[in-house]
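Please put together the full structure from these sequences, using the hints given.
Top line first, the protein sequences correspond to chains A and B.
Just so you know, we're using the working numbering here: the first sequence kicks off at 1 and counts up by one.
Just so you know, we're using the working numbering here: the second sequence kicks off at 327 and counts up by one.
These aren't lab readings, by the way, just hints derived from the structure by calculation.
Okay, derived cross-link-like pairs now, SDA-like style, lysine to any residue, Cα gap no bigger than 25 Å in a straight line:
| id | chain 1 | residue 1 | chain 2 | residue 2 |
| --- | --- | --- | --- | --- |
| 1 | A | K58 | B | H473 |
| 2 | A | K279 | B | S476 |
| 3 | A | K279 | B | E474 |
One-letter residues, chain by chain:
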Amino acid sequence: MTAPLVSLRDLHVSFDGQPALRGIDLDLARGEALGLVGESGCGKSVTWLAALGLLPGKARVTGSVKLDGQELLGAPPATLERVRGGRVAMIFQDPASSLNPVHRVGTQIMEALALHRGITGAAARAEARRLLDLVGIPDAARRIDAYPHEFSGGQNQRAMIAMALAGDPEMLVADEPTTALDVTIQAQILELLRALRRERNMALVLISHDLGVVADSCERVAVMYAGRIVEEAPVERLFDGPAHPYAQGLLGALPPLDGARRRLSAIPGGVPEPWAMPKGCAFAPRCPARMGACEAEMPSDVPVGPAHRAACLRVAPARMTAMQHA
Amino acid sequence: MSALLEARGVSRSYRLRRGILGGSVEVRAVDHVSLTIERGRTLGLVGESGCGKSTTGRLALGLERPDSGEVRFDGTPMPSPNSAEWRRSRARMQMVFQDPLGALDRRLPIGAQVAEPLEIHGLDNARVIPLLESVGLRRDHAARYPHELSGGQRQRAVLARALATDPAFLVCDEPISALDVSIQAQVMNLLTDIQAERGVGMLFISHDLRAVRQVSHRVAVMYLGRIVEEGEPDAVLHRPAHPYSRALVSAIPQPRRAGARFAPRIVLQGDPPNPADRPSGCAFHPRCAFATDICRAVVPELAPRASDGRTVACHRADDDLPAEAWTTPLERVA
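Structure, rendered in structure tokens:
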């Protein structure tokens, strides 16, 4: 196996002494699409903000983040600035608030081109137009001079993707890129990301609360709960046989599209607050398969199958495929 | 027995000013919409933002008066807004919104907010605690403020308040889209339970077809102010008749299970149209792969089609339309 493009080891983040990430180990290969799912507050966005040094000063970050073997945590700002928007680009949920409303869309893309590839003037304008064309903005030659408010939500997200591509990144972190969009527009953006990734062999980290979106676009999925990865598997394996009770619960909570309509197996209760994190497994208070030992210590990762791991004591003795939510 | 709620040919337009100096344009938010909701049943209304589904909900509740057409509740015409009769009718119909934090008063404890509709309608406010318990909240939640509750608990509080006057009809406007997946399931289960216990009729407005299938007995698909298809949820989801419904169903992201085969994904070209600049004929024709001359000229009527009686508004409802006709932007990018 070749060395991973990005490798996170024992990444911890806390805000004012309250933990947000509690030890993340994750690798991303070149050209790979990894989905990161979990509910609000589980740390899926914080993981990448921390990795790219984008968290506010009060955040305490420890561990290791390596891009191509180069340590990013504690790296000088100049190094990070070359990485961000250059080798690693990021797009966010709300494209309208990520774009500057008083500058033309084309100008903003040209700015990114000047910053990361040193292209200016007419060459930058031509390249910005090519990028807008590439992400499917109709009539790019004219629309390059439009302002963000003249674009629809889907077009703004396309413009954001064009800007992300300006630095010719090896990796794109997309944080809930379609959550604010309509269903048919969501399908367009996912299709675009898929095509771009194939063409450029770009790695993708897709952060989403929507299991369907991740299943649709990614090869591997990591499920996060309360600041930890509780299960990681190739996408088909996770959907066919989730090992962790939380992953099972998430899948059970998704209304099916066919078959008999059944009562949804809702996970009872809610996510624990950071200041009241259980001592053992953070999911134990909501878990139907809880045992005494779950409350004593944090479960460590257990291999479940090829490229499949889960952090659950119940998984340890044998693979509990039969275990389903009641 | 008459239906609980019946809307017949209801339309509603707004005037929208264009620019600082420009004149105003008419935006037809809801256009000749007819729908029926039975007691103890749920009608799911799906569509994308700006298609008029929330306006339809407000018209169904009598919060707005239609420009034309009629809404009848329990067999009688909806009284005009703010009349004494209208105020009395409020107790029998309620609304649940998308954002529970916005729908609650941040300065009042939950208990007081649930008691308010009881006091307004002169009912016994000893029912507050049983109401909270009926939606899965605890007795001690009554003294809490909205910010002290989680998203799911807030939506439960909103439901408790909506149920306080024992309504016969509930409009739920995107009630779960602001919630996390596991909490969405809790709220959907709760809505089904409430319906089974109290026999309320519901209009469930959502853009999420999975959720709509889970809670609805019938489903109506809206596009630019008009209902384009209506039927049983499984019929519409598994064999959508209108090209727009086909695209919507195809856009549902879903797990690719090993070995399973999927129909090619339909990716619609272009953006949802602007309601202020409505295309001629069938409003969907600029994005439709099957549009012909008649689609560009004549608005199709919602009617049962010949083959299986599915209610659909499409000139080509009875033609065999191949899925391959849709092109994807992949080819353009490549």
